[in-house]
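K.L.:
Sequence:
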Amino acid sequence: MYRIVKKQVLNPQVTKMVIEAPFVAKKAMPGQFIVLRVDEHGERIPLTVAGYDREAGTVDIIFQIV
Numbered sequence: 000m001y002r003i004v005k006k007q008v009l010n011p012q013v014t015k016m017v018i019e020a021p022f023v024a025k026k027a028m029p030g031q032f033i034v035l036r037v038d039e040h041g042e043r044i045p046l047t048v049a050g051y052d053r054e055a056g057t058v059d060i061i062f063q064i065v
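All residue numbers for the sequence shown refer to numbering that gives the first Met the number 0, where the first residue is 0 and numbers rise by one.
Don't read these hints as lab results, they were simulated from the structure. Please note: incorrect hints may appear among the correct ones.
Computed list of lysine-lysine pairs in DSS-like fashion (alpha-carbon distance at most 25 Å, straight line) [as the list claims (entries may be wrong)]:
| id | residue 1 | residue 2 |
| --- | --- | --- |
| 1 | 25 | 5 |
| 2 | 26 | 15 |
| 3 | 6 | 25 |
| 4 | 6 | 26 |
| 5 | 26 | 5 |
| 6 | 5 | 15 |
| 7 | 15 | 25 |
Quick list of simulated restraints, FRET-style, between CB atoms [as the list claims (entries may be wrong)]:
| id | residue 1 | residue 2 | range |
| --- | --- | --- | --- |
| 8 | 10 | 39 | 28 to 38 Å |
| 9 | 10 | 40 | 26 to 36 Å |
| 10 | 34 | 56 | 16 to 26 Å |
| 11 | 42 | 14 | 13 to 23 Å |
| 12 | 11 | 46 | 17 to 27 Å |
| 13 | 11 | 53 | 25 to 35 Å |
| 14 | 36 | 6 | 14 to 24 Å |
| 15 | 44 | 22 | 13 to 23 Å |
We put the beta carbon where it would ideally sit given N, CA and C, even for glycine.
Produce the entire structure from the sequences given, and follow the hints as far as they go.
P.N.:
So this is what it looks like as structure tokens:
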């Protein structure tokens with residue numbers, strides 16, 4: 000399980016999260032996707048990597064609630 004380091008509401012429908020994922024951050028490149036699942040049986044949700052910090056071991060995602 001990955002830890003949410005920071006959650007920032009950008010507007011009522013759009014949220015940014017910084018996720019602690021050192022192995023993902025180490026290899027992340029612009030334009031790549033991560034696949035998010037809430038639990039083992041949850042739906043797979045592809046999200047674009049919006050940013051990363053290799054030193055801190057974090058990955059940024061931005062998503063819209065619909």
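K.L.:
Hint by hint, note whether the structure agrees.
P.N.:
Going down the list of hints, with the structure as the test:
1. 25 to 5: Since the Cα atoms of residue 25 and residue 5 sit roughly 19 Å apart, the hinted pair holds (cutoff 25 Å).
2. 26 to 15: 20 Å, holds
3. 6 to 25: Status holds; Cα separation ~21 Å.
4. 6 to 26: Roughly 22 Å separates the two Cα atoms, so the pair holds.
5. 26 to 5: Distance ~21 Å between residue 26 and residue 5 Cα, so the pair holds.
6. 5 to 15: 8 Å, holds
7. 15 to 25: 20 Å, holds
8. 10 to 39: 28 to 38 Å: Holds, since residue 10 and residue 39 (Cβ atoms, about 32 Å apart) stay within the stated range.
9. 10 to 40: 26 to 36 Å: 31 Å, holds
10. 34 to 56: 16 to 26 Å: 19 Å, holds
11. 42 to 14: 13 to 23 Å: 18 Å, holds
12. 11 to 46: 17 to 27 Å: Holds: the Cβ-Cβ distance is about 19 Å, inside 17 to 27 Å.
13. 11 to 53: 25 to 35 Å: 32 Å Cβ-Cβ, so the 25 to 35 Å window holds.
14. 36 to 6: 14 to 24 Å: 18 Å, holds
15. 44 to 22: 13 to 23 Å: 19 Å, holds
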